[in-house]
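> Read off the chains here:
2 protein chains.
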Amino acid sequence: MREVSIIGIGITKFGELWDKSLRQLGLETGLAAISDAGITSKDIDALYIGNMAAGSTLQQEHVSALMADYCGLASQNIPATRVEAASASGGLAVRQAYMAIAGGFIDIAVVGGAEKMTDVSDSESSYTVSMGSDEQWESKAGATFASLHAMMTQSHMAEYGTTREELSAVSEKNHFHASMNPMAQFPFAISAEAVSNSGMVSSPLRMLDCAPNSDGAAAIVLCATEKAKKYKKKSIKIIGSGQASDTLSLHHRKHLNQMPAIRMAAKRAFKSCGKKASDLDLIEIHDNFTISEIIALEEIGIFKRGKAAQSILKGETKLGGKIPINTSGGLKARGHAPGATGIAQVVEIVQQLRGEAGDRQVKNAKIGMVENHGGTAATAVVHILEGE
Amino acid sequence: MREVSIIGIGITKFGELWDKSLRQLGLETGLAAISDAGITSKDIDALYIGNMAAGSTLQQEHVSALMADYCGLASQNIPATRVEAASASGGLAVRQAYMAIAGGFIDIAVVGGAEKMTDVSDSESSYTVSMGSDEQWESKAGATFASLHAMMTQSHMAEYGTTREELSAVSEKNHFHASMNPMAQFPFAISAEAVSNSGMVSSPLRMLDCAPNSDGAAAIVLCATEKAKKYKKKSIKIIGSGQASDTLSLHHRKHLNQMPAIRMAAKRAFKSCGKKASDLDLIEIHDNFTISEIIALEEIGIFKRGKAAQSILKGETKLGGKIPINTSGGLKARGHAPGATGIAQVVEIVQQLRGEAGDRQVKNAKIGMVENHGGTAATAVVHILEGE
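Sequence lines, in order, name chains A and B. Each residue of the first sequence is one higher than the last, beginning at 1 in my numbering. Each residue of the second sequence is one higher than the last, beginning at 1 in my numbering.
Read the hints as simulated data drawn from the structure, not as lab findings. Treat the hints with care, since some could be wrong.
Any copy, or any two copies together, can satisfy a pair, since identical chains are not distinguished.
Unchecked claim - Below, computed lysine-lysine pairings styled on BS3-like, alpha-carbon distance capped at 27 Å: (1) Lys-42 - Lys-254; (2) Lys-227 - Lys-271; (3) Lys-267 - Lys-42; (4) Lys-254 - Lys-318; (5) Lys-318 - Lys-267; (6) Lys-42 - Lys-271; (7) Lys-140 - Lys-304; (8) Lys-230 - Lys-140; (9) Lys-237 - Lys-271; (10) Lys-20 - Lys-140; (11) Lys-227 - Lys-304.
Could you build the full structure based on these sequences and the hints that come with them?
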């Protein structure tokens with residue numbers, strides 16, 4: 001199998017982007033990534049799109065052809081593929097493109113993710129997110145996405161003594177990182193006290209434990225490593241890739257406070273490149289809720305089970321700490337636009353490994369991981385990236 | 001790249017399956033395909049799902065994890081991927097699995113497609129299909145899916161003199177084939193006169209020019225050819241695969257009566273195996289409307305542009321004719337369940353190449369093609385299959 005590199009990146013600011021349509025967001029980031037890569041549209045062999053919710057929020061399926069059309073790629077009848085796995089749609093699109101290049105089918109692919117979550121009412125937007133959980137046993141039975149994660153939090157607290165203070169530390173840290181990221185939806189610090197005192201959503205999760213439903217887009221250009229130098233001086237290799245599933249509904253699982261799909265996806269990604277948790281310099285974690293960041297760090301093996309929350313509180317995952325997590329601000333503060341999120345995470349790691357992350361730069365960052373999951377981690381996709 | 005074979009198939013009868021849920025349909029065909037292949041769940045490396053509309057019709061996204069869950073594959077944390085390209089979702093899922101095996105990532109994949117279109121009202125179901133066209137310029141502007149195809153038909157009639165009689169011959173032929181297919185939604189013959197006299201939907205397209213919106217599911221098992229014999233005596237090779245896009249909206253195109261994405265997908269599939277149109281013994285064509293079958297046959301190169309309709313009227317595409325088209329009954333009479341359709345088409349060709357198609361068996365069938373497209377052919381996926 002061939003090696004695959006990332007040679008271009010593009011991202012919008014995340015937020016309530018009422019002045020931009022889905023197609024505009026896609027076009028904007030696609031062009032930015034193409035320009036960053038130094039390629040022209042004629043160099044592109046395929047397009048992969050991550051999108052969760054355009055069918056529900058815009059009554060638009062078939063977003064792959066839409067994006068090919070608006071990016072001017074339909075004129076060359078480019079193969080365009082949309083993948084969907086709720087909030088893991090972006091990471092899964094990256095993986096499909098990676099496999100197509102590694103397998104020798106194509107040389108260059110653009111992978112884009114875009115989502116418009118705020119053109120509908122807040123309740124519609126929230127319900128749309130719930131469509132990533134089990135319709136029959138969860139969403140239509142009244143279990144919101146926050147309440148499912150609240151149950152996971154309750155279970156983690158009961159078994160490991162995880163505290164309110166520790167949960168708040170996750171959000172505080174991610175906002176601190178976002179204060180140095182101009183593309184973040186919430187580019188400002190907040191205190192742990194503010195998190196602990198914010199309105200209750202589903203006990204024990206409070207408003208500032210929850211990532212927003214954002215508009216936004218991100219795109220990257222993947223290229224067979226053997227041809228990358230032709231376009232870009234400094235490219236970033238995808239050295240590991242892993243994907244796993246779990247039961248869609250929580251009640252089918254053995255443990256409410258574990259996310260085995262993340263464990264397996266990380267294990268498969270590590271195996272594919274011979275690396276281990278201690279080799280990582282930084283990680284972008286899918287912190288749709290504060291509890292998710294805690295559990296994911298335990299599943300990847302950064303901390304022992306039940307020990308991640310204390311380490312976060314001690315500052316070990318903050319910029320300058322043992323292993324910086326979510327230097328972008330994470331889903332909580334960079335924003336969370338489901339189909340775009342997994343690709344925005346890759347953009348952050350690429351910026352870090354290129355040494356272009358400005359004030360939030362992790363010193364001597366060589367190897368980074370991206371962990372992206374959908375639903376209550378019924379799908380998890382993990383990639384490991386290495387700088388030159 | 002490795003060769004890939006189909007070692008198992010499963011399909012439901014298509015129709016108004018009000019007694020079965022999406023997950024039941026998926027499970028049923030998945031198990032049938034696994035059983036036909038002679039494998040166990042432990043042999044499966046990945047799951048690929050084609051589904052267009054569960055988000056809209058059932059408020060269920062993340063169908064990949066749902067199917068992994070209900071097929072008992074989540075316990076092994078199997079990578080499960082949903083792809084969507086409107087009615088081409090099934091064919092595109094086949095292509096992703098094909099690439100993953102050919103590229104050496106996995107050995108065995110189950111590819112399933114399922115759709116429930118009749119649990120919502122007819123108008124909702126029709127609007128859902130329209131989500132495969134351009135929301136901004138077509139569906140929300142009032143252009144139904146039938147009216148877009150009616151414009152294509154008008155243009156074809158104006159330029160090539162295509163007649164009402166010729167359109168009706170497509171539907172008559174497909175119903176004749178379906179009368180020999182026990183899994184067809186409409187397993188009975190109809191006369192060309194009945195088609196010509198059926199109610200007007202969007203001039204000149206009448207009710208019996210249009211495929212139904214069906215419930216249904218289909219699944220296949222793909223395996224690296226080098227390992228296929230271990231499981232199945234008689235396997236069918238996928239020798240060619242091609243995919244292409246076009247503008248999502250009709251008004252962006254040069255010709256209303258052409259479908260260049262089909263042309264390019266077929267060209268790429270032919271190129272990948274060194275075959276040509278005259279090598280084909282039979283084809284399953286995506287006849288969502290009668291006009292689509294006519295144009296597709298011209299794009300693939302079976303007939304010259306403007307000549308397909310006359311050849312169909314002469315019986316050249318009927319069982320026993322020069323090249324039998326849609327021996328399953330096609331979308332018109334076998335039924336059309338968007339995410340399942342592209343996989344049901346593969347099931348038909350596999351049955352034919354195995355010599356298991358009963359009364360509708362094409363004699364000495366060696367090489368067959370599957371043409372599956374989405375929207376007004378803004379995505380087209382073509383596969384070429386060869387028997388032993």
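> Decide, hint by hint, whether the structure agrees.
We went through each hint and held it up to the structure:
In the homo-oligomer, the alpha carbons of Lys-42 and Lys-254 lie at most 27 Å apart only across protomers (20 Å), although the nearest pairing inside one protomer, at 50 Å, exceeds that limit. In the homo-oligomer, the alpha carbons of Lys-227 and Lys-271 lie at most 27 Å apart both inside one protomer (25 Å) and across protomers (24 Å), since each shortest distance falls under that limit. In this homomeric assembly, Lys-267 and Lys-42 come within 27 Å of each other (Cα to Cα) only across copies, at 18 Å, whereas the closest approach inside a single copy is 37 Å. For a Cα distance limit of 27 Å, the shortest separation of Lys-254 from Lys-318 qualifies neither inside one copy, at 32 Å, nor across copies, at 55 Å.
Taking the shortest Cα distances, Lys-318 and Lys-267 sit within 27 Å of each other inside one copy (24 Å), while across copies they are farther apart (53 Å). Proximity of Lys-42 to Lys-271 under the C-alpha cut-off of 27 Å is restricted to the inter-copy arrangement: shortest distance 20 Å between copies versus 35 Å within a copy. Taking the shortest alpha-carbon separations for Lys-140 and Lys-304, neither the intra-copy value of 35 Å nor the inter-copy value of 52 Å comes in at or below 27 Å. Taking the closest pair of Cα atoms, Lys-230 and Lys-140 never come within 27 Å of each other, the shortest separation being 52 Å inside a single copy and 44 Å across copies.
For the homomeric pair Lys-237 and Lys-271, the shortest alpha-carbon distance inside one copy (16 Å) is at most 27 Å, but the shortest distance between copies (31 Å) is not. Taking the shortest Cα distances, Lys-20 and Lys-140 sit within 27 Å of each other only across copies (18 Å), while inside one copy they are farther apart (31 Å). Taking the shortest alpha-carbon separations for Lys-227 and Lys-304, neither the intra-copy value of 40 Å nor the inter-copy value of 40 Å comes in at or below 27 Å.
Checked against the numbered hints listed earlier, the structure breaks hints 4, 7, 8, 11; every other hint is satisfied.
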